[in-house]
Amino acid sequence: MKQSFVFSGSGGQGIMSAGITLAQTAIAMQKHSTFLPEYGPEQRGGSAKCTVIISDAEIISPLPKKCDTLIAMNELAYAKFIGDVKEGGTVVVNSSRVKTTARDDVKTISVPVDDVALELGNVKVANTVLIGVLIGATGIISKDVVIAALSKKFKEKSPAIMELNIAAIEKGIELGSKA
Amino acid sequence: MEKKFMKGCEAIAEAAVRGGCRFFAGYPITPQNEIPEYLSWRLPQVGGAFVQGESEVASINMVYGAAATGKRALTSSSGPGISLKAEGISYLASAQLPAVIVNISRGGPGLGSIQPAQSDYLQATKALGHGGFRAMVFAPATLQEAVDLTYNAWEYAERYRNPVMILMDGCLGAIMEEVEFPEMKELTADNVKEWCLDRIDGREDDHMITPILPEPLLEKLNIGKGMQYKMWEKLDTKVEEFMLEDAEYVVVAYGIAARVAKEAVLRLREEGCKIGMVRPITLYPFPKASLNNLDYTKVKGVIDIEMTIPAQMREDIELQVKDRCPVYEYGRSGGMLLDDDGVYEAIAKIVKGGE
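If you're matching them up, the sequences are chains A and B in order. Read in order, the letters of the first sequence correspond to residues 1 to 179 in our numbering. Read in order, the letters of the second sequence correspond to residues 1 to 355 in our numbering.
Treat the hints as calculated values from the structure; they're not laboratory data. Fair warning: there could be bad hints in the mix.
[Stated by the list, open to error] Here are some of the chain A residues that sit facing chain B, going by a computed Cβ distance under 10 Å: (1) Gln-24; (2) Ser-33; (3) Glu-38; (4) Lys-65.
Just so it is clear, CB atoms sit at the ideal spot from N, CA and C, and this is done for glycine as well.
Generate coordinates for the entire structure from the input sequences, incorporating the hints supplied.
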């Protein structure tokens, strides 16, 4: 089984970070994964996109034309990439910023991840909430493994940041499984 | 050994260190900046030196200097920067100095775009600089292959006392995938070559430059180089041949394009098409035999897939096909990427449409 994910938004929203977390978690689960970032020359605020592939078999091409799942963190990214989702695919939108949706041949999961992150204490964990939503909605990666990965990543920063991210994952999973 | 999930540029940098590289000089350019960034902290850890030069020209000449002392030296850049290094690379070839040059290629010509492209094939394989010399060109398709080729690149450079190029597009430079690293090479006194500075006993005039040589000497040097290039072809050509046995159509692609094309070949095989692929791993020496020796009573077409327009490898392919079947090409250019569906559809149109 091979699945492709496109994370999209603008620089600073944690797009690359979310993509890498997904890929690393998949690898920790003995799957194969590739992560391909695409960004412009801007240092901040430009468009950010990354493609993550997760597969049980070795990945040959890392350049799919269409993705199974699109994650859109803002309106611009949604408009730009919604056409690249396979029919019957899944679209996770940050409804704090994406107000209109365009396709009814895909499953759309709307969660206001910015607002959820703000309620948790910091808008910066919106991307972590989003990974939680993805897990809750699709079960593509394991909750335990991603928490282990985030714990390792944030342990050195501070216990408070680590806990905030774990809370964000859990809240995301809760919202994602209801969607 | 434990696998690491790593970015292409960083994987190349680590492989270089493990392969014995102890000197790097370069000047920033996207999409290869992660190579110098990584080496700026990694090389000092192993007693090596990292220099961010004031220009590409300065950097390649620092590599020349380091190579003359017998150290394994590296520089990296992308298309526009490689053009600036051309003079220095030619001087390295003339002075018979080993060095490794990495090109993480992007859209061209000119300043082009910072997005990935395979637009430097001709530059790499035909004329990395003036004067008619050649360098071996390695074109990895996966990060593991990039690690393995970089790790051993200096063995070739030193064996033939000639620069070696690693040519990889910006996609593979930026992509993260799993790699496994070989052990750190332990370089002993045997690795310090007798030809480098301060090594020749009794030589009074110890310097290594490329002066204006007396014409007969220069001719001799070039005759030697010519013989060497023929030897590379015999000994050092690397190629992957995939599903060729009964193939009626043969795709030729290298690097990132080969990965996208292989996916299409597998899809077409599932649909019953007799199709295979030749993937050059060394672009120079080009794997001539793989194409020359195809069974042209069966092969109806050869399809060149490259992430550049017009295709640049086509001439090398045509020289081997020798009009025994048509040669087709498909590509994207300027930083627009190849994708699975696009390549599949292009090949399917040729194979199924009988065009």
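Do the hints match the structure? See the list:
1. Evaluation of the Gln-24 (chain A) hint against chain B yields a held restraint, the C-beta minimum of about 6 Å falling below 10 Å.
2. At its closest, the beta carbon of Ser-33 (chain A) sits 7 Å from a beta carbon of chain B; the interface hint therefore holds under the 10 Å criterion.
3. Residue-level restraint check for Glu-38 (chain A) holds (minimum Cβ-Cβ distance to chain B is 8 Å; threshold 10 Å).
4. Hint on Lys-65 (chain A) holds. Least Cβ distance to chain B is approximately 4 Å, under the 10 Å limit.
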